[in-house]
Amino acid sequence: MKFTWFNLMPWPYLPEDFRQKNHSVWVDIDSKLFDPEKSHELYNTYMDLLEYAAKVGFDGIGVNEHHQNGYGLMPSPNLIAASLARRTQDVAIVVLGASIALYNPPLRVAEEFAMLDCISGGRLVAGFPVGTSMDTNYCYGQIPALTREKYREANDLILRAWHEREPFAFNGRYTKLRYVNLWPRPIQQPHPPIHIPGGGSVETFDFCLDNTYSYSYLSFGGYLRGKTLMQAYWDRVAERNTSDLSPYRAGFAQTICVAETDQEAERLYSEHISYFYNRCLHVYPGFADAPGYRTIKTIQKGVLSQYARPAGGLFPELPWKDLVEGGYIVAGSPETVRQRMEELIQQLRVGNVFCLLHIGDMPKEKCMYSTRLFAEKVMPRLRNFFPEYESDNRFWSKPLARRVSAGALPADSEVASVVGV
Amino acid sequence: MELKTIPTPRVVVHYYEGGKGQPLVFLHGAGGLDLDMDFLDALSQRFHVFAPLVPGYGDSEECPELRDMLDFTLHTWDVVAALGLRDPILVGFSMGGMIASEMAAVAPHDVSRLALIAPAGLWLDEHPIADIFALLPYQLPHYLFYDEVAGSKVLSTGTDLSDPKFLQAFLVRNARQLGAASKIMFPIPDRGLLTRLYRIQAKTILIWGESDRLIPPIYAQVFLKRIANADLAMIREAGHVVPYEKPEAVIRAIAALA
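Protein sequence lines, in the order shown, are assigned to chains A and B.
All residue numbers in the first sequence are consecutive under the numbering used here, ending with 579.
All residue numbers in the second sequence are consecutive under the numbering used here, ending with 243.
Treat the hints as calculated values from the structure; they're not laboratory data.
Glycine is no exception: its CB is placed at the ideal position from the N, C-alpha and C atoms.
A couple of the hints might just be wrong.
[Said to hold, decoys possible] With a straight-line Cα cutoff of 25 Å, these simulated BS3-like cross-link-like pairs (lysine-lysine) come out: (1) A/K459 - B/K150; (2) A/K213 - A/K190; (3) A/K385 - A/K459; (4) A/K522 - A/K535; (5) B/K5 - A/K455; (6) A/K213 - A/K556; (7) B/K150 - A/K385; (8) A/K479 - A/K524; (9) B/K5 - B/K(-11).
[Stated by the list, open to error] To be clear about the criterion: a stretch of chain A counts as covered by chain B if any three or more of its residues have a C-beta under 8 Å from a C-beta of chain B, and this derived list gives those stretches: (10) 285 to 299; (11) 442 to 450.
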């Protein structure tokens, strides 16, 4: 099992009446709500928490990309990842991911991921999302009906750049390059493992299976709701007679809160959960799904965007009890959480779990408390699933055996003798 | 009007045909032909009307090969050729006006009469056009109609978005139709037409609803200034969907070209 501690980096200062008085948390969010001075401490706290998760034993620490979004402060996940690579030792750096269709040329992603892999000593897990419609179409102006074609082309370019050892010309429809010659190159050969966050389209299932990419479903709806989609994925895996049913072919994101008891969990975390589900997910439905962004086949399958809900926000004002019982969140004592996580892992058949342990406007102390309890009292007891696939390392990073760490310069006093002056 | 199909080099095209007289090609807007059928019936009393659907509209097949403005422009010329027409009166509404303008700009000797009804294709920073790709169904009437209340009734007849079956069909239709439109209209309906308008030689009539809240009438002034032989018919008590709201006035303006 691989557990990745994930932080969306939400802005924790949205006003209480945000939902009533604002059009959307995403795309056209009121930029006056952002306070750069406050963000200074916030960014540093969030990065400290990611490093803390590495310290307490998570397998990976994860970052992602969103634009103009009140619950995501990472337009550039690679900037955060670069800093984490320097400040951590063994943990995988999971960038889930960089939206490859948004970069011009997309080769930029191949270069930056290679840099991250080199700096971290081969600890990168790379992610190639198509990107949400909010990010890709409305914020970054990509034409919805052409987004997927452009995405596929970007994938082809990046993969070729990672594989080929001679300069080559790339005559794409969206990118034309005369001299593709990747420099620097990733440590992991031929390239870091690739995860694809998807929203249930059959085309993406096939894309992952064709390329041996891991498919992950990053929803906020929780594992009970995620079951249908993940089942559709596994059905597809079976339908295509895929060589194996490795659970590492799949990942799932789950909001998790741990305390000593179920009651304590509610007391400590319910306000922050409410902040996230009721304020942060207030997305104007008109931005949920630009026409042409999803394929007809996907719409016909009845998979609705998790944001495509009636006006008024994604989730009704759900109280704690409903969120817990409805499986949106996994919360409670270590034993409760363990039971729920076992269900999740077995029912969805996922080897990669992306743990959303920082939620909404949760202060750092509570986040540390919940994170440590999960790492110490839950995670060790979830380690032994899928023993038959223990050696499957296709979907996880393969670091160098010998790695250096930051701050390894000699003392000033030693410099002169080494230089010989 | 009768629905027919015709093969073109890239895709089979669906089109409506009806009437007698001088041939006239009508290019629909991003909403398709739904609101235009009465207008086309009236138009076919005076002209031999051909109204092709952009691939993906109605029940017609999508055409992934059409990606950019030049593709759309040349495809529509292919349709005119397939229909066996030479120098028809070319009429375009909204997105169709954008395509018609491009057709007249790339082949100025093949179009002698051009009617542009509230055409898209230009962008003025001081007068931004609403983002039709982010509007919810209930918001459309404000931008489309002079009479919003009547417009709401027309648009909501037979629509029930709370019915999952209907919603799915609605989303599929939107994805097909507006998905196709997005290729030339998203995120801003400007593909450089301004720099090509000077090439249009056709006798041109611009037709605009005085209360157009989607593409404000001020855009007409730019077309007038850039097209050598253009006039403007400003129609009172009409919004963006002027062919729907004032069919007779629009037909009179077109007839002046003939």
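Structure-based check of all given hints:
no. : hint            : in the structure
1   : A/K459 - B/K150 : 12 Å, holds
2   : A/K213 - A/K190 : 36 Å, violated
3   : A/K385 - A/K459 : 15 Å, holds
4   : A/K522 - A/K535 : 20 Å, holds
5   : B/K5 - A/K455   : 41 Å, violated
6   : A/K213 - A/K556 : 19 Å, holds
7   : B/K150 - A/K385 : 22 Å, holds
8   : A/K479 - A/K524 : 20 Å, holds
9   : B/K5 - B/K(-11) : 16 Å, holds
10  : 285 to 299      : holds (count 3)
11  : 442 to 450      : holds (count 8)
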